[in-house]
Amino acid sequence: MSNPITELGGEIISYLRWGEINPYFTQVTLALFVIAVIFTFFTLVKPEKQVQPIFGADQNFKRGITDKNLRIRRYMAVVCGIATAWGVITGDFYNYILSISLIGITNIGIVAASKGRHVLNAAFQYGLMIMLSSIPLFGSAGILLGSTGTLSIHELTYISVRGIAPMLFLIGVAGEIGIAPVYATKAELFRSPGAPYIIMIHVSSLLILVRTVEIALILTGG
Amino acid sequence: MADGTFEIIVSFSAVFGAIAIAGFLFQEEDIHKFILAQGGALTGIVILAAVGTDLAEALILPTVVVMIAETLAFSEILTEKEKLNAGITDSPKIGRRVKLNIMETSPILVSGGLVIYGALLTGFQGGAVIGAGSLYYLINKERGDVSGGLWDTIHSLAGIGLGGWLIGFAILFLFPRFWLLGLFLSSAGILIKVISHMQLLGVELKRALREKIIGEK
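Quick note, the sequences are listed as chains A and B, same order.
Quick note: the first sequence, position 189, residue 189 per this note's numbering, numbers continuous.
Quick note: the second sequence, position 124, residue 124 per this note's numbering, numbers continuous.
Derived from the structure by calculation, the hints contain no laboratory data.
Quick caveat: nothing in here was measured; it's all calculated off a predicted structure.
Among the hints, a few may not be true.
Said to hold, decoys possible - Stretch-level coverage of chain B by chain A, calculated; a stretch enters the list once three of its residues show a Cβ under 8 Å from a Cβ in chain A: (1) 16-27; (2) 62-68.
Claimed, not checked - With a straight-line Cα cutoff of 27 Å, these simulated DSSO-like cross-link-like pairs (lysine-lysine) come out: (3) Lys62(A) - Lys206(B); (4) Lys68(A) - Lys99(B); (5) Lys141(B) - Lys68(A); (6) Lys68(A) - Lys81(B); (7) Lys81(B) - Lys115(A); (8) Lys141(B) - Lys115(A); (9) Lys99(B) - Lys115(A); (10) Lys115(A) - Lys68(A); (11) Lys49(A) - Lys206(B).
Even for Gly, the Cβ is constructed at its ideal location relative to N, Cα and C.
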């Protein structure tokens, strides 16, 4: 019987022995971790200003972002980056789910910081989506714990999980994180000021989806 | 746990979640959608609780924290959105004191029962139950403002409780022979701390209700 962790991600480079949680770095998760940390530092640069033309005249004006708005968005983006970096290296299924929920809430914070009617509408719809998809997400953790008796990814490599738990997990991640870029696009956030914070939504979504596929394969394999 | 109980509970919560989501599909108003989504989100906690082991008990608290955080965040977004739609900057005030008969008569019985039950529980849960009872009483009965001296007294009581909790923990690790003393010190300390914080929260909540929703000074 082979170990799905080393099969998917290569050798385990480093291993933090913290009780049952045991974060670990393979070649794949190390790359994901480094990307998440780099993009967290990118959010500390000054946000770009949006240039809008004035119709009927040969002029344009720049739309900035207010100071209070900037601070809360930057905070949310940094928390989102930290949660992503933690989520991609963690060795505990429940920890992974918790960091996914945190990323969902911070995404909402980034989206809702701008006070446009359409933006707030999209943020509220995304919020309903997050609330509904926390049912399959936490439900999958409960069913996994009930059927296998453990939530450690290192233990789960030796157990082949059958049934609805991996499917619920995938549905939950799709609703919570996978759909985030859609709502960011729906709110036309690319055309509103404050670019580096919007990038964080996409980066976290991408990294978490890669890691989710890995964890789903670890659950069903073994 | 008996065989098959977990499956039965999971199936029932799946039915409950399905009903909540089906209701969700037919709602027009945003606030109704929000409330039904909350009802559906409880199913996750039910499934976790159905596992029924120590680990499940440890997992429920973070789940509840996540749900409360989501509820607070999205209700804030909903309020902002509705304010923007109505074109106002401040929330509308009621402008008169709300008089409900149940708020006059029930507090003594309800909070008395909660206080007795919480005193039997002790520890963090007992403190939370007693605190909920006193919060209910304060919201319904308390009229005037709390003086600075009383506020400070309650605050220092919380500090003494925290000190007792820490000393109890130290006794458990340093002198394991006196484990019963350490247990009682820490459970009584956390009880006092949680109760006093919940009482301060009740006073503050009452003031916020009077000023921001009813519009009194």
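Exercise for review: Of all the hints given earlier, name the ones this structure violates by number, lowest first.
Suggested key: Hints 3, 4, 5, 8, 9 and 11 not satisfied by this model.
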